[in-house]
Amino acid sequence: GDSVTQMEGPVTLSEEAFLTINCTYTATGYPSLFWYVQYPGEGLQLLLKATKADDKGSNKGFEATYRKETTSFHLEKGSVQVSDSAVYFCALFTQGGSEKLVFGKGMKLTVNP
Amino acid sequence: DTAVSQTPKYLVTQMGNDKSIKCEQNLGHDTMYWYKQDSKKFLKIMFSYNNKELIINETVPNRFSPKSPDKAHLNLHINSLELGDSAVYFCASSLAGPRTDTQYFGPGTRLTVL
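As given, the protein sequences belong to chains A and B, one line each in that order.
Reading the first sequence from the start, the letters are residues 1 to 113 in the numbering used here.
Reading the second sequence from the start, the letters are residues 1001 to 1114 in the numbering used here.
Extracted from the complex, chain B is given alone in its bound form (with noise of 0.2 Å):
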């Protein structure tokens, strides 16, 4: 079984597009998490959920909106998609609140923005 998995695992899509990306963890976990890994596989935290309720919101274009309609899924839609918005997004999840430590990670989804 998949522990955390995302789709789609690779997004291609036009500059102006709005977009989704879905996450969804199995482990019984309070908290998830949304990462962007950029070319030079540098990785920073965006955002973090615990029991549905927004805790760390980096700065991040408010073109990007998590929403999270239970605690085992943690979506992110983009609204007018730019070039720089091309990378690999990972959804991370951690068992219990934003506290505890060690994070278990998806496979990513790779969006690509021509």
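This is chain A alone, in the form it adopts within the complex (with noise of 0.2 Å):
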């Protein structure tokens, strides 16, 4: 079945530090690939997608590519803030296949200042 794996934390970083979350996935047919972020105490926000190989996707600084050859969808900031301190989750969604958003374990990011 689909199912994704990303690296697991707990990550601690130090401001303007450069940040990388590994992801990568197992999916039958062609996923579209998400970046979701929980901050403390909410719900999950959608941060970024991809919906096809070699699509970026970016958004408040942080960028991830879809990359078929690879099956990853690693998530990237060139340089963190404090605010950025969240629980990160990548996901897939396959039409035609489980038709259900599968989540990666999360990773907890805390950013110092």
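Hints were generated in silico from the structure; no laboratory data involved.
Values in this document were obtained by computation on a predicted structure and should not be read as measured data.
Glycine residues also receive a C-beta, built at the ideal position from the N, C-alpha and C atoms.
Take the hints with a grain of salt, since some may be wrong.
Which stretches of chain A does chain B cover? Using the computed rule of at least three CB atoms under 8 Å from a CB of chain B, they are [what the hints assert, rightly or not]:
{"#": "1", "segment": "40-52"}
{"#": "2", "segment": "105-111"}
When the alpha-carbon atoms are kept at most 25 Å apart in a straight line, the in silico BS3-like pairs for lysine-lysine are as follows [unchecked claim]:
{"#": "3", "chain 1": "B", "residue 1": "K1041", "chain 2": "A", "residue 2": "K108"}
{"#": "4", "chain 1": "A", "residue 1": "K105", "chain 2": "B", "residue 2": "K1040"}
{"#": "5", "chain 1": "B", "residue 1": "K1022", "chain 2": "B", "residue 2": "K1040"}
{"#": "6", "chain 1": "A", "residue 1": "K105", "chain 2": "B", "residue 2": "K1044"}
Ranges between beta-carbon positions, derived for each pair [claimed, not checked]:
{"#": "7", "chain 1": "B", "residue 1": "I1055", "chain 2": "A", "residue 2": "K52", "range": "44 to 52 Å"}
{"#": "8", "chain 1": "A", "residue 1": "N22", "chain 2": "B", "residue 2": "E1058", "range": "21 to 29 Å"}
{"#": "9", "chain 1": "A", "residue 1": "L13", "chain 2": "B", "residue 2": "R1110", "range": "22 to 30 Å"}
{"#": "10", "chain 1": "B", "residue 1": "D1070", "chain 2": "A", "residue 2": "T70", "range": "42 to 50 Å"}
{"#": "11", "chain 1": "B", "residue 1": "I1055", "chain 2": "A", "residue 2": "K108", "range": "27 to 35 Å"}
{"#": "12", "chain 1": "B", "residue 1": "P1069", "chain 2": "A", "residue 2": "P113", "range": "45 to 53 Å"}
From these two lone chains plus the hints, build me the complex, please.
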């Protein structure tokens, strides 16, 4: 079945550090890929998405590129801020497959000033 | 305006009790979902309704029963609560049926079973 594997945390960084969160997937068909973010005490919010190979999603300084050849969708940000402290979830959705959002296990990021 | 709202935000109850969590969305979406997030932050879908019709029913104990009185509401009723039901429950919605990929989440309901 469809699945998402992402690096597990928790991870602690200093402000302005570079961030990479790895995500790989297994899916039948051609999935859409997502990063959702959960700030403390809140529900999940869509951060960015990509719907086909080589698409790059970007938002709030975060980027991720859909790599079909490596089945990956790694999240990057060049300079993190304290306000980026949150839990980050990689997810996929396959039409014609399971047709549901399948999430990775989430990674908690803490950014210190 | 809150797009997807849930009540209550916190729920503390004894084992064996029956409780309900309510969810409402004002986005005009056709599809609503319930997710369970465990203590390790792992998030898994439980149910999905499209226009009041059950679409996804994962392997969930039949103590959990979703009810959709209209397409803007999806409530979750839990009978005979157990310790293992303690989790954060998230409601979500999406635009035009389960084939729409982007979902919008509520703030969550933290259920603690004592």
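### Query
Among all the numbered hints in the text so far, which are the ones the structure does not match?
7
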